[in-house]
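Enquirer: Spelled out, the chains give:
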Amino acid sequence: DSGVTQTPKHLITATGQRVTLRCSPRSGDLSVYWYQQSLDQGLQFLIQYYNGEERAKGNILERFSAQQFPDLHSELNLSSLELGDSALYFCASSVRGDSYGYTFGSGTRLTVV
Amino acid sequence: EDKVVQSPLSLVVHEGDTVTLNCSYEVTNFRSLLWYKQEKKAPTFLFMLTSSGIEKKSGRLSSILDKKELSSILNITATQTGDSAIYLCAVEARGGADGLTFGKGTHLIIQP
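As you go down the protein sequences, you meet chains L and A in turn. 43 is the number of the first residue of the first sequence in our numbering; add one for each residue after it. -6 is the number of the first residue of the second sequence in our numbering; add one for each residue after it.
Chain L extracted, bound-state conformation (with noise of 0.2 Å):
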């Protein structure tokens, strides 16, 4: 156990859906990354946020967005599914903000039927 805790697991739901990914990041990390991998692009990064505020933005869909609660929990919110967010989610976290101790959770695999 990384310490980095994802839910759900699995997610399986429609086109047009909205889904709501849930990262509780290691206790004392105070930075959480959002990470899409899919077959065909790899690990893309989504989103960072620290300390409750966004802190840079990668390739995240304008359909996509994130937050940070002042526990650090973090939720990444996708709308309007296409079959092309099917793709594994990973939320990881970091104690400054950057590599330094950078932790993977286990992830969410979202399929879009």
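Just so you know, the hints here were simulated from the structure itself, not pulled from any lab data. Heads up, none of these hints are tricks.
DSSO-like cross-link-like pairs, simulated, lysine-lysine; straight-line CA separation at most 30 Å:
{"#": "1", "chain 1": "A", "residue 1": "K30", "chain 2": "L", "residue 2": "K99"}
{"#": "2", "chain 1": "A", "residue 1": "K34", "chain 2": "L", "residue 2": "K99"}
{"#": "3", "chain 1": "L", "residue 1": "K99", "chain 2": "A", "residue 2": "K60"}
{"#": "4", "chain 1": "A", "residue 1": "K33", "chain 2": "A", "residue 2": "K97"}
{"#": "5", "chain 1": "L", "residue 1": "K99", "chain 2": "A", "residue 2": "K(-4)"}
{"#": "6", "chain 1": "A", "residue 1": "K34", "chain 2": "L", "residue 2": "K51"}
{"#": "7", "chain 1": "L", "residue 1": "K51", "chain 2": "A", "residue 2": "K30"}
{"#": "8", "chain 1": "A", "residue 1": "K97", "chain 2": "L", "residue 2": "K51"}
{"#": "9", "chain 1": "L", "residue 1": "K51", "chain 2": "A", "residue 2": "K33"}
{"#": "10", "chain 1": "A", "residue 1": "K(-4)", "chain 2": "A", "residue 2": "K34"}
{"#": "11", "chain 1": "L", "residue 1": "K99", "chain 2": "A", "residue 2": "K33"}
Sample of chain L residues facing chain A (criterion: CB under 7 Å; computed from the structure):
{"#": "12", "residue": "S44"}
{"#": "13", "residue": "Y75"}
{"#": "14", "residue": "L85"}
{"#": "15", "residue": "F87"}
{"#": "16", "residue": "Q90"}
{"#": "17", "residue": "A98"}
{"#": "18", "residue": "G100"}
{"#": "19", "residue": "S141"}
Bear in mind that the values here come from a model prediction, so they are computed numbers and not experimental data. From the three backbone atoms N, C-alpha and C, an ideal C-beta is built for every residue, glycine too.
Chain L is already provided as a structure; the job is to place chain A on it using the hints.
Expert: Okay, now just chain A, sitting in the frame of chain L:
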């Protein structure tokens, strides 16, 4: 745009062999290069290499950073079936605030 290219994409060897995985990168303001091992789910950390720490070793695994050639290699000696995994290389830009840029990985299969 930062870029990481790994080769080969796939490799099949026999147990006991030595393998070398390659990673080349282009990044503005390089800070670090990281290697991860991904088996079934979460990538797990192997090494971090920086300008001040260009060689790392842990058991049968070792890695070297070539700052001049903008590349890194990951060596695994005396491979075991448990080494079968996807090995991911990633780079981080200075400031560390933009996440990691990953390569597509090398899928390593160790046959008994």
